[in-house]
Amino acid sequence: MSPTPDGQVRVLVVDDHPIWRDAAARSLTEAGFRVAGTAGDGAQALRVAAATRPDVVLLDLNLPDYPGAEVTRRLLAALPSVRVLMLSASGERQDVLDAVTAGASGYLLKSAEVRDLVDAVRATASGHAVFTPGLAGLVLGEYRRLAQSTAGQGAAAAPGASLTAGSATAPQLTERETEILRLVAKGLTYPQIAERLTLSPRTVQNHVQNTLSKLQLHNKAQLVRYALESGVD
Amino acid sequence: MGRQTSNTHKPGHPVRRPPGMSTAAGLTRGPWRWWQRDVAPAGGLAIQAAARVAVRVPVRRDPQTRRNCRNVTPMSSQLWRAVAVYRIVTLVYAAVWILRDETYYAHPLGGFLALIFMTVWTFVTVAAYSRPPGRKGWLIAADVAVAAILIISTKWIDTAYRINHGAPTIPVIWVASAILACAVAGGPWVGMAGAVVVWFGDVIERQQFLTESMIAGLVLLLVAGGVGGYVVRLTLRAEAAVDRAARREAAIAERERIARGIHDSVLQVLALVSSRGREIGGEAAELGLLAAAQESALRSLVSRDSAEPDTETGMVDVRSLVEPLSDGRVTISCPATPVMLPRPVARALSGATSAALDNIRRHAGGSARGWVLVENDGAGVRISIRDDGQGFPPGRLTAAASTGRLGVSHSIIGRIREVGGTATVTSRPGQGTEVELHVADP
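Protein sequence lines, in the order shown, are assigned to chains A and B.
So the first sequence is residues 14 to 246, counted in this note's numbering.
So the second sequence is residues 9 to 450, counted in this note's numbering.
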C-alpha cells in the first residue's frame, strides 16, 4: 500500500488557507500519517507532488489558480498511481461532480470531524472510494442526466453514423448499483447496506467503486472524443 | 485573496468584457495632441507606462455622456456607414439619368459639371462623416445647402419644357442623403428641417408652391427625415440601454464573485472551529456546535439555487425548496442539475419533506440524524427521507389516524395525494423510519 519502508501513508495537503492546511497536516500526523508536503495552489501542488510522490493528495476544491477538476486531471496524468481526496467548504455540486469524474476517488466536506477525515484518508490510501451521501446523490443524478442526454441524441441522430454510436453510449448503473447508491445517499453505512441486502461489505464497497470508475472512464472517453473532433490529433 | 477565481474563471472560458467596459488606464489615454509632442522624450515609453499605472484615476467626465455627445457609439458608426452607402448608390443612379438625358438638356456641359461636383461632394462628405470629428454641424448644413442648390441648378441646365412636364431634377434622390445625414446627426426634428430646406429648393426650381405634386414631394421628404431620425434615436437609445444593462450585469457578477470568496473563507473558519472544538471537548465543543450550525446555514444559503419559478413555464427547481431544510443533523443530497416541477407540485413535495423532518425531530429520539435524497428517476421525481432513530412498530400510523392524531397521514400522505403523487412510510422498531414521496412528471 505504501512505498515507504516504515509503512506510513504519505499525504500531500493542498489548501490555500494556511490555518486549515496546518490543522489538517497536524491532525494527519497525529493519526500516524506522514505529511509529505503542503501546497497553497494548484501549480505548487503539481510541483510538490512530482518531487515527493505522495500516496494520497488531500485537495481543496477551490484553489486560487485552477479548478479542482483540472488539478485532479493533471495530478493523475503526472502520477497515475496517486489517489486524490477532495475537500470542499462550500460543497458546490457541479464542482464536486467535475472533480470526481476527473478522477478524484472521494469527497468530503470540510466540516467533517477529524475522525472522519482520518478514516477517509485511510480508505483512499487503500484504494476505496470515499462516498458521502451528498456525493451519492450527485453520482445518481449524473447517470440519469447522461441517460437522458444520450436518449435525446439517439432520437435526433437516429440514422446517424455507426462511428459515433459507440462513443455516445452513456454508462449505465446496474439495478444493484442503483440500489446501493440510493442507500448510501440515504445515510446508510457500508455494513448497514451489506446487512440489508445480505451481501458482504466488500461487495458493497466494490459496487460503489464501480459506479465511480464507470463515470471516470466515460469522462476520459469524452475528453478524447472532444479532442479528436476539434482536431487535436 | 483571489481564491474565488477558480469558481468563475475556468480555463477555456475567457472572461468576456461587456461592450464599453475598458480599463481605467485605457480611458485616460486621450487623443494625441500636438502640444504634447515634446513631453514624450526618446526613452519616454517607460515613463508613460509608469504614469499610466500611477494615474489610474477615471476620466474627468463620465465616458458614457462623452461618447454620446460625440456620437461615436458602434451603432452610430453603422448608421453613418449606411448613409454613405446610400449616397454612393444614389450618385450612380443620378449619373445614369444625367448621361441618358444630357442630349435633351439646354446646357449639357452644365449637367456634366453638376455630376462632377456631386461626385466630388460625395467623396468629401463620405470621407468626413466616416470619422466622428468630421461630423460637424456646419458641414451637414452645407450638405443640405448643396443638395438644394443642385436642385435649383436644374432650372438652368434643363429646358423649361422638360421641367414643366415632370422631368427629374439633376441630383434625383441623391439629395435625400443630406436629409438622412441631418436625421442621423440630430434626430427627427433636424431631419425634417433638412427636408424642408431641400423642398424649398424644389419650390424654386419648379416655380410651384402648394400644388398636388409638390405636397406629395414634401410629405415624402418629411417622412425620410422624420422617420429616419426617429429610428436613429430609438436605435441609439436601445444601444445605450443594452450598454447600461451589460455594465450592471458585470457589476453584479463581480459582486457575486467577491461574495463567493468571502463566504468560502468564512465557511473554512467555521468548519475548522466546529471540528477542532468537538475534538477539544468541553466548552470548546459547544462553540464548535454553534459554528457547525452557522456553517451549515451559510452553506445552504451559498449553494441555494433560485426558488423563483421560471416565468415562461411556471416550473420551479425542487432542490431550491428542499435545500434550506438542511441543518447540522439533516443531510440533503441532490443531483447537480435542476429538478424542475410545476410550482404547486414542488411546494407539496417540499412541504411533505419538511413535515417528515419535523417528525424526526419530534419522535425519532434526541440524537437521530436525517438524510434526504432528491432524485429524478426518469419517470418523475422521488424524494426519500430517512432517519436513524428508534422507528415504530407496523400499524401504528393507522392507529394514530383513527384516534384523531392526523400528523403523518395528513401532512405527508394527504399533501402528496392532492397533487397526484404517492407517499409510503416504512419503519421497523430500532431501524429508523423511511418516507418515500413520488410524483410523476407532468
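There may be inaccurate statements among the hints.
For each label pair, taking beta carbons as the anchor points, the in silico distance ranges come out as [as the list claims (entries may be wrong)]:
(1) S213/A <-> R436/B: 20 to 30 angstroms
(2) G244/A <-> A136/B: 26 to 36 angstroms
(3) E126/A <-> R245/B: 35 to 45 angstroms
(4) A249/B <-> N219/A: 16 to 26 angstroms
(5) P401/B <-> R209/A: 32 to 42 angstroms
(6) P141/B <-> A91/A: 55 to 65 angstroms
Cβ-to-Cβ under 8 angstroms is the rule here; a few derived chain B residues that face chain A [stated by the list, open to error]:
(7) W129
(8) K144
(9) S375
Hints were generated in silico from the structure; no laboratory data involved.
All values derive from a computational prediction rather than experimental measurement.
Ideal Cβ placement from N, Cα and C applies to all residues, glycine included.
Hints, one by one, checked against the model:
no., hint, in the structure
1, S213/A <-> R436/B: 20 to 30 angstroms, "holds (22 angstroms)"
2, G244/A <-> A136/B: 26 to 36 angstroms, "violated (47 angstroms)"
3, E126/A <-> R245/B: 35 to 45 angstroms, "violated (59 angstroms)"
4, A249/B <-> N219/A: 16 to 26 angstroms, "violated (59 angstroms)"
5, P401/B <-> R209/A: 32 to 42 angstroms, "violated (19 angstroms)"
6, P141/B <-> A91/A: 55 to 65 angstroms, "holds (57 angstroms)"
7, W129, "violated (52 angstroms)"
8, K144, "violated (50 angstroms)"
9, S375, "violated (14 angstroms)"
Hint violations for this structure: numbers 2, 3, 4, 5, 7, 8 and 9, all remaining hints satisfied.
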